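J.: Okay, here's what each chain looks like letter by letter:
There are 4 protein chains.
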Amino acid sequence: MSGNTFGKIFKITSFGESHGAGLGVVIDGCPSNIRLNLEQIQQELNRRRPGQSDLSSPRKEMDELQVISGLFEGRTTGAPLCFFIENKDAKSEDYKEWDQIYRPSHADYTYLQKYGLRDHRGSGRASARETINRVIGGAVAKQLLAEKGIQIFSYTEQIGHIKMQGSYVDYNWPLAFSNELNCPDSDSLQQMLQLIEKVKREGDSVGGTIKCVIQGCPAGLGEPVFEKMQALLGSAILSINACKGIDFGAGFDSLHMTGSSHNDLFNHSDEGIKTKTNHSGGIQGGISNGMDIVFRALFKPVATIAKAQNTIDQTGREVSFAGTGRHDPCVVPRAMVIVEAMAALVILDLYMENQAKKW
Amino acid sequence: MSGNTFGKIFKITSFGESHGAGLGVVIDGCPSNIRLNLEQIQQELNRRRPGQSDLSSPRKEMDELQVISGLFEGRTTGAPLCFFIENKDAKSEDYKEWDQIYRPSHADYTYLQKYGLRDHRGSGRASARETINRVIGGAVAKQLLAEKGIQIFSYTEQIGHIKMQGSYVDYNWPLAFSNELNCPDSDSLQQMLQLIEKVKREGDSVGGTIKCVIQGCPAGLGEPVFEKMQALLGSAILSINACKGIDFGAGFDSLHMTGSSHNDLFNHSDEGIKTKTNHSGGIQGGISNGMDIVFRALFKPVATIAKAQNTIDQTGREVSFAGTGRHDPCVVPRAMVIVEAMAALVILDLYMENQAKKW
Amino acid sequence: MSGNTFGKIFKITSFGESHGAGLGVVIDGCPSNIRLNLEQIQQELNRRRPGQSDLSSPRKEMDELQVISGLFEGRTTGAPLCFFIENKDAKSEDYKEWDQIYRPSHADYTYLQKYGLRDHRGSGRASARETINRVIGGAVAKQLLAEKGIQIFSYTEQIGHIKMQGSYVDYNWPLAFSNELNCPDSDSLQQMLQLIEKVKREGDSVGGTIKCVIQGCPAGLGEPVFEKMQALLGSAILSINACKGIDFGAGFDSLHMTGSSHNDLFNHSDEGIKTKTNHSGGIQGGISNGMDIVFRALFKPVATIAKAQNTIDQTGREVSFAGTGRHDPCVVPRAMVIVEAMAALVILDLYMENQAKKW
Amino acid sequence: MSGNTFGKIFKITSFGESHGAGLGVVIDGCPSNIRLNLEQIQQELNRRRPGQSDLSSPRKEMDELQVISGLFEGRTTGAPLCFFIENKDAKSEDYKEWDQIYRPSHADYTYLQKYGLRDHRGSGRASARETINRVIGGAVAKQLLAEKGIQIFSYTEQIGHIKMQGSYVDYNWPLAFSNELNCPDSDSLQQMLQLIEKVKREGDSVGGTIKCVIQGCPAGLGEPVFEKMQALLGSAILSINACKGIDFGAGFDSLHMTGSSHNDLFNHSDEGIKTKTNHSGGIQGGISNGMDIVFRALFKPVATIAKAQNTIDQTGREVSFAGTGRHDPCVVPRAMVIVEAMAALVILDLYMENQAKKW
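Residue numbers (this note's numbering), protein chains in the order written: chain A, 152 to 510; chain B, 152 to 510; chain C, 152 to 510; chain D, 152 to 510.
To be clear, the hints were calculated from the coordinates, so they are not data collected in a lab.
Worth double-checking, as some hints may not be accurate.
Note: identical chains are not told apart, hence a pair may lie in one copy or across any two.
[Claimed, not checked] Derived DMTMM-like pairs (lysine to aspartate or glutamate); straight-line CA-CA distance at most 20 Å:
1. K425 with D321
2. K425 with E469
3. K314 with E331
4. K349 with D338
5. K314 with D404
6. K427 with D321
7. K362 with D404
8. K211 with E237
9. K427 with D464
10. K239 with E215
11. K314 with E348
12. K362 with E331
13. K427 with E469
14. K458 with D338
15. K159 with E422
16. K299 with D443
17. K425 with D464
18. K351 with E331
Everything numeric in this text was worked out from a predicted model, so none of it was measured.
My request is simple: use the sequences and hints to build the entire structure.
T.: Written as structure tokens, this is what we have:
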């Protein structure tokens, strides 16, 4: 398995499995002499942690951040940072009975085809527990970006068919950050929560979308051609477990527009050059234009459900399978911090690349 | 500008501008001793070429393939392949009057912010003429994949609000490949063509979606974590000019499903292990599962339109701008071969990476 | 600090400091379903370990290998392997008094200039203790190469001015592998050991050269132009602490030859095509030719010595400095396994790259 | 063949063969809005050009620089630069009779083993004519470095057994830059020239060493661990055709020193912190220390000689071979500009990487 390193200048390398010793991340390329706020990293981890509420898996993990390397008296030394999170509540026996089964829409079959063996315990490396490493890397990236005035946040735009109406700019943000969906519209919020509860009761699951907003990003980030900002964000976000789609700005709604209504007209305001609308999602020609960068990530319904379904095992025999492990009825609440983390890694890397070429 | 190289083992490096000497691509990592079919590459270029029909820009370019290096007596030598296409019908004067204007939703403003100067002629490097290089690289990749039984094709699924109904598996494919939208449904086809004609008459433009299907891909391609197959395809497709979204399999439609209806159940057929449905789009855990790989690419309405719109120039003065160069009312017809090319590059690279690790 | 990842397909990422929690390495891209011999890895670590004899630093570390991830029931799963070695005998107080001093020919000054701060404890990341990670990565690589019939070994060719005469092919190898210099010539061995003892008594240090031989490497490995085999080996070997030079085959001795005496003439023997001499060191045009690959690595005298020398501290004040920590009078005995490890990583990566392109 | 791209941020991609259309280089990652001095690039190409004197191959090529992309009104646009040099005096017939022969110490055998076919014309991609691309890339890099006060030059230190005595700092530099060996010592120069003439008359060839000096490089460049400055320079220089060794600072002479004589003692001078000696060659812990960076590159005797030698052909039959093409008796005169170019690429890339991480 390759592909466990992300980034070009600020790079993270992820290791660990759901039911091994733990999860770890190496961060290479971090500027030196930066005082890291470890508590803030822990808070981001807490946003991702299971067992936080009725909406998420009951696995109990404290996910306590351990510093392995790269810090000296609280500051980055320029050496690779390594952080580690132990697995403490791994219940491998939950998975023992499935070790021969190809669970529907899981990675069991594909891993076995690819690797010739599989670590069946909690999906091994395919587990979303891997995303801990992204959250840590992203939390460090956010701290560096914040020093440059760049902020990243996200909210739940849709759960199943329940979609929040209107634009994020018109909403009540203190409300959003006090509920577990980061949803600023209290009506939509109630309906979304009810829907998640309903599918949970039915032993089923539901998908949703997350809107992510990057504010304060200067114009000029993104590399034309293959490393356009939307291409790198796309790669970053689509690498998150259960993510099956992404669009930018007006996105798929632009199918109902023409060029004349979709084009963002430039004007000169007191704050400098802006566009009147932001259908481009802050990116033009693959490069940030100084407006908010806005994209939407789609998460499919979770594959593991309590309802029994037919599938086959490794011998080809048909079997019935019902999930009994600890799983979420909807990944959206816990996925927001992961989406933000991946976005932070992309923006930081592009920022550093841009800085490299100032002459 | 970085980001002009794509791929890890089979790599293409793109150079050239819309109104310079021409466009060129260097392909590094191609297996040696392969007889390349140059005519087939030219045919792919012809699919992308402007001036082919009423639907596309009237710029007249033959886009004739020149071999610069890497072939000896018709076979790849293992040395880097270089192909070049001269610019012959570049009319830079068309653009002269705009050289100070920030065209709406174009890269003029962002390039100037990033680079401190800009080559205004035909958008310079930001021009979609750059995609010639991708088509050449993709055409070589397709030939290599075909030897392994892997085929890639695409069709127009939607133009503006006109959407083809049903699944691609039920359609009349000979029809599809004889029309310029590769649309297999003659009713939808007529409506789509009419819509494109209508927006063109109105001096406007329209967007659409392309569905791309990869057949014959073995199970096991894709690298978990950051280089999941959907992440790499996402990066590849979102790097195409005017592409603003992508989804895989059931994609955004999965918002109307639950886990129990979305899960693809495995069964054992005469052709081996298959899934009954393909909502996953052939990818599970980031790895191909042997089913068709299916994704949808969104293209926004073209930014350049004949209708006048207000914008500003580099001095901040408000000006009216109407496109007078040669542009398409809809990029979808010419974008299909580009989408296929980028998909081919991704699949080939993953194939080679997998092969590297067989022990 | 970047540059903590080595390799393209088989990649190692190194983390940890001399006086932090420990040293760790993540190996990404390892073929799956391979049974690793952990004892063999430990034996390689033991070859590098300090405190083994009078010739090396008295720091007492067991350097016991811990498996963190990537193994399931003894086999590689395809997930990233992570191994960790705790620091147990770190005596940071040894270094406390030096924390403001620029030790001569050490990295104190350059680290401070680069990073704006430095972890003075045992040189932090600049410590040769980092090479533990290379030895682990190389030990895994050696196991994979051995399955393909490729063997790597090394011996001490020179300590100070004492140089072993003749060619390695004529020597008594069982003798070599039973002494700590891997020196097959007992006369030279005695003189070398005496020289090391002498400089140690004098509170001084001495350099030397290591000859490394790669046997069984098939013809055809190495990528022309920038990734010639000698270029990649050069980069790998010169990245080892205290290494200041490398040459291949006849190397600097070729200054005393002409083309007619240096050229290796091909002939056809019972074992296939061979060259009569091997002045090329097994590499022609950057590609292995099937002969033994032979290179020589130069290690300078260790910078830390017990003899006092004048230098300055961070305030610019002149001070006298004498090393009191635990250091080797000569790095050669412990560096051999590191040289082999780095060579193994290069050869394995080239092997995998070659395999990727078979069509 | 991979490995045709060099660099991480400032990257060059090389293409073309000795006897194809020509040689070309794509430069990606160059800062924008830089006015390039094309004449200076041409002058560097002239230093490498054959047919300049009796010491070099009589192939007559003007090697005239063509700009293909990336410049607008004399300035870099941020788009990839592409430069091209046509092959005009390619005499493929010179090589026709050898197309089945494995020339001694050439890449004929290794290429055939690796690729399954070979372009025998002028060694195809294995020809040193490829180094044109490096010279162009390096010439651009030198211009960027010069703006930061960094200068790179080189001179011939040794031809065969004739070695220039003393240190470069004591020499007459105007003399050096007016002779084709850049040798500042007129006695050594005469002996070296006589030796080259002698081996040429005898139909033979001779090797030599080039000393390269980088002045004005700030302290702090180089990335610890795998991308130490000497590792990257090593990789760059050893990738040049016929280069078989490299050492830094005192290099192999340090075998005759101990730690106490080799250590460079820091002192505080009017010009800031310096070392009294420079046995480290300006690099400590893999990072530049602000002193001159000094290394020596070894070039073996040219393999193609007029003297007949025995070898075999592809059928295994023994044959006699004598070079009749156009070849140099010694590569050193033409290799200096290539060594400088590769060094410039490394230093520039490290400079940009460092700049990326300033926070």
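J.: For which of the previously enumerated hints does the structure constitute a violation, in increasing order of number?
T.: Hint check: 14 and 15 fail, others pass.
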